[in-house]
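Student: Spelled out from the first residue to the last, the chains are:
Protein chains: 2
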Amino acid sequence: MTNSRNKVVLLAGGVGGAKIAEGLSQIIPDDQLIIYVNTGDDFQHFGLEISPDLDTVTYMMAGLSNPDTGWGRAEETWNALKTIELLDGPMWFNLGDKDLGNHLERTRLKNKGFKLSEVSQLFCEKYGIRQKILPMSDDQIQTMIHTVEFGFLSFQEYFVKQRCEPVIDGIKFRGIGKAQPVNGMVETIKSSKFVIIAPSNPWVSIDPIIAMKGVRSALKNKTIVAISPIIGGKPVKGPVCKMYRELGYEASALSVVKHYQGFLRGFILDHADSNFESEIIINGIIPYVTNTIMHDKNSRRKLAQETLDFCGRLNQ
Amino acid sequence: MTNSRNKVVLLAGGVGGAKIAEGLSQIIPDDQLIIYVNTGDDFQHFGLEISPDLDTVTYMMAGLSNPDTGWGRAEETWNALKTIELLDGPMWFNLGDKDLGNHLERTRLKNKGFKLSEVSQLFCEKYGIRQKILPMSDDQIQTMIHTVEFGFLSFQEYFVKQRCEPVIDGIKFRGIGKAQPVNGMVETIKSSKFVIIAPSNPWVSIDPIIAMKGVRSALKNKTIVAISPIIGGKPVKGPVCKMYRELGYEASALSVVKHYQGFLRGFILDHADSNFESEIIINGIIPYVTNTIMHDKNSRRKLAQETLDFCGRLNQ
Numbered sequence: 068m069t070n071s072r073n074k075v076v077l078l079a080g081g082v083g084g085a086k087i088a089e090g091l092s093q094i095i096p097d098d099q100l101i102i103y104v105n106t107g108d109d110f111q112h113f114g115l116e117i118s119p120d121l122d123t124v125t126y127m128m129a130g131l132s133n134p135d136t137g138w139g140r141a142e143e144t145w146n147a148l149k150t151i152e153l154l155d156g157p158m159w160f161n162l163g164d165k166d167l168g169n170h171l172e173r174t175r176l177k178n179k180g181f182k183l184s185e186v187s188q189l190f191c192e193k194y195g196i197r198q199k200i201l202p203m204s205d206d207q208i209q210t211m212i213h214t215v216e217f218g219f220l221s222f223q224e225y226f227v228k229q230r231c232e233p234v235i236d237g238i239k240f241r242g243i244g245k246a247q248p249v250n251g252m253v254e255t256i257k258s259s260k261f262v263i264i265a266p267s268n269p270w271v272s273i274d275p276i277i278a279m280k281g282v283r284s285a286l287k288n289k290t291i292v293a294i295s296p297i298i299g300g301k302p303v304k305g306p307v308c309k310m311y312r313e314l315g316y317e318a319s320a321l322s323v324v325k326h327y328q329g330f331l332r333g334f335i336l337d338h339a340d341s342n343f344e345s346e347i348i349i350n351g352i353i354p355y356v357t358n359t360i361m362h363d364k365n366s367r368r369k370l371a372q373e374t375l376d377f378c379g380r381l382n383q
Numbered sequence: 068m069t070n071s072r073n074k075v076v077l078l079a080g081g082v083g084g085a086k087i088a089e090g091l092s093q094i095i096p097d098d099q100l101i102i103y104v105n106t107g108d109d110f111q112h113f114g115l116e117i118s119p120d121l122d123t124v125t126y127m128m129a130g131l132s133n134p135d136t137g138w139g140r141a142e143e144t145w146n147a148l149k150t151i152e153l154l155d156g157p158m159w160f161n162l163g164d165k166d167l168g169n170h171l172e173r174t175r176l177k178n179k180g181f182k183l184s185e186v187s188q189l190f191c192e193k194y195g196i197r198q199k200i201l202p203m204s205d206d207q208i209q210t211m212i213h214t215v216e217f218g219f220l221s222f223q224e225y226f227v228k229q230r231c232e233p234v235i236d237g238i239k240f241r242g243i244g245k246a247q248p249v250n251g252m253v254e255t256i257k258s259s260k261f262v263i264i265a266p267s268n269p270w271v272s273i274d275p276i277i278a279m280k281g282v283r284s285a286l287k288n289k290t291i292v293a294i295s296p297i298i299g300g301k302p303v304k305g306p307v308c309k310m311y312r313e314l315g316y317e318a319s320a321l322s323v324v325k326h327y328q329g330f331l332r333g334f335i336l337d338h339a340d341s342n343f344e345s346e347i348i349i350n351g352i353i354p355y356v357t358n359t360i361m362h363d364k365n366s367r368r369k370l371a372q373e374t375l376d377f378c379g380r381l382n383q
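Protein chains in written order, with the working numbering: chain A, 68 to 383; chain G, 68 to 383.
Rather than coming from a laboratory, the hints here were simulated on the basis of the structure. Worth double-checking, as some hints may not be accurate.
Which copy is meant is left open, because identical chains are indistinguishable; a pair holds if it fits in one copy or across any two.
[Said to hold, decoys possible] In silico BS3-like links for lysine-lysine, alpha-carbon gap of 27 Å or less:
| id | residue 1 | residue 2 |
| --- | --- | --- |
| 1 | Lys280 | Lys260 |
| 2 | Lys179 | Lys239 |
| 3 | Lys309 | Lys228 |
| 4 | Lys149 | Lys179 |
| 5 | Lys304 | Lys228 |
| 6 | Lys228 | Lys177 |
| 7 | Lys289 | Lys260 |
| 8 | Lys245 | Lys257 |
| 9 | Lys289 | Lys369 |
| 10 | Lys193 | Lys228 |
| 11 | Lys149 | Lys199 |
| 12 | Lys309 | Lys289 |
| 13 | Lys179 | Lys228 |
This one's a predicted model, so the numbers in the text were calculated from it and none came from an experiment.
With the hints as extra help, turn the sequences into a complete structure.
Tutor: Written as structure tokens, this is what we have:
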């Protein structure tokens, strides 16, 4: 039996979440790592149930992910999409052939009545992943981006179809009021050793997880460390800086600290942002400065080890 | 404007229907060939809307079909199915990657409210097919095979999953009572010059078309010619002979003639079956003996030309 008090919980979005998850998996015993993944970006397309962040984390943990993009499968082919192109169908979402198999089987199982968390655990087993990768919820939560030009867009419409170009002035999580965190999540957080917040977009990857009933209060008094998704005022990936600016904040690692204020204990930031150290301390949070870029397996393990060591020191 | 009295109607199943359709398209002006395709084999799989016979005819007419199998796409890849295999999902139905694009776009359009006939016409346009390929109906008709061992199986379960192995003792077309032939079909048959019945399985490819309200009576007094799907007591393809035997009939070209008795005017049979000529005549139907195997583009055109010439003579 595993002592639940040894468990490390990771709250994760897509590529940043996948990388630190894989790093942690190199160090922590398999049954002590539990990854809760954002599902606010999930959507239906061509009748298929698509869970982009879950797949990104799963492919990375299975050693199947595309090392160039961070999402999708390595050595992917695009023949289904070529047919869709020929038929003048919608091309904005990248549906690789190998990736499609995942969407098809998930859709089949969900149509049979399986919960997303059951599908996710089954897929982990089949892909040979021994850690737990779970959706944040089995209920539908839809991240909606309010844009000045188009009003509300679903996350994928904003992120992929509109390439994050429209100016945003609000975000909401449709369905969050009624949604339950996935079975066991609140208890697992409460009894865990550490909670790590991946270098994911706070607005659209982490906020949906924390906004669910019972999660924020479960985080109180835990050892919680976040890794900055912003380095030197620039995003490691995606629209996080653009979002901070358009919503009226400075695009910086410091804004991420303030974002998580109220439950955060420690914050890992890049050398490029060491100038924020003293202000982070003033905000009551303990900073740790290191190299936060994860460009390969070694750098993923190194950042994961530093994160765990930092959590360990905070726990003393 | 096309004179509808010049129109040639083809009633078609899958591979046999596709081949004679392509042959006819080499000869008849584009706007004078109308192909009504069996949809009794259509089914949902992985949440996708799959129309096997429509796709087989469409791919052949578009010049995209696999010349070795007669169904599916040429130079197909199978990466989605490989993922499904890795996930231990159902592997019994062949889902090629290029083919999947067709299913995905059809599903998307049907979910948006398009009728199958609208999708089919749109796909023809996009694939550069100038002839009309239409589903027999926009309503759901499901060919159910009653087997001694398993009771009722859907056609694809019988045909693909069980590889036609179970002994059958009945066939029904679920939904046939309420289904309407596709818009314009009855009128088109009535005003057509000839109706050709493809060398398809009478039980499961042609019967569903003829069993729809109004079709059999529309066929009365037309010049109707069928091409035998049985040569020398053996099927050109599929379970047609096994079905005749298990349902209590001789598996022969003559049984096909009797199957269509009541509306058939002429019957095209292979040299191998010329011994049936006199008995076909006794049954009031005019036989035409030729080489009915269509192994390439030339033999498809040749059989189509002979069929049209034969129809012309019957019309005089």
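Student: Which of the numbered hints above does this structure break?
Tutor: 12
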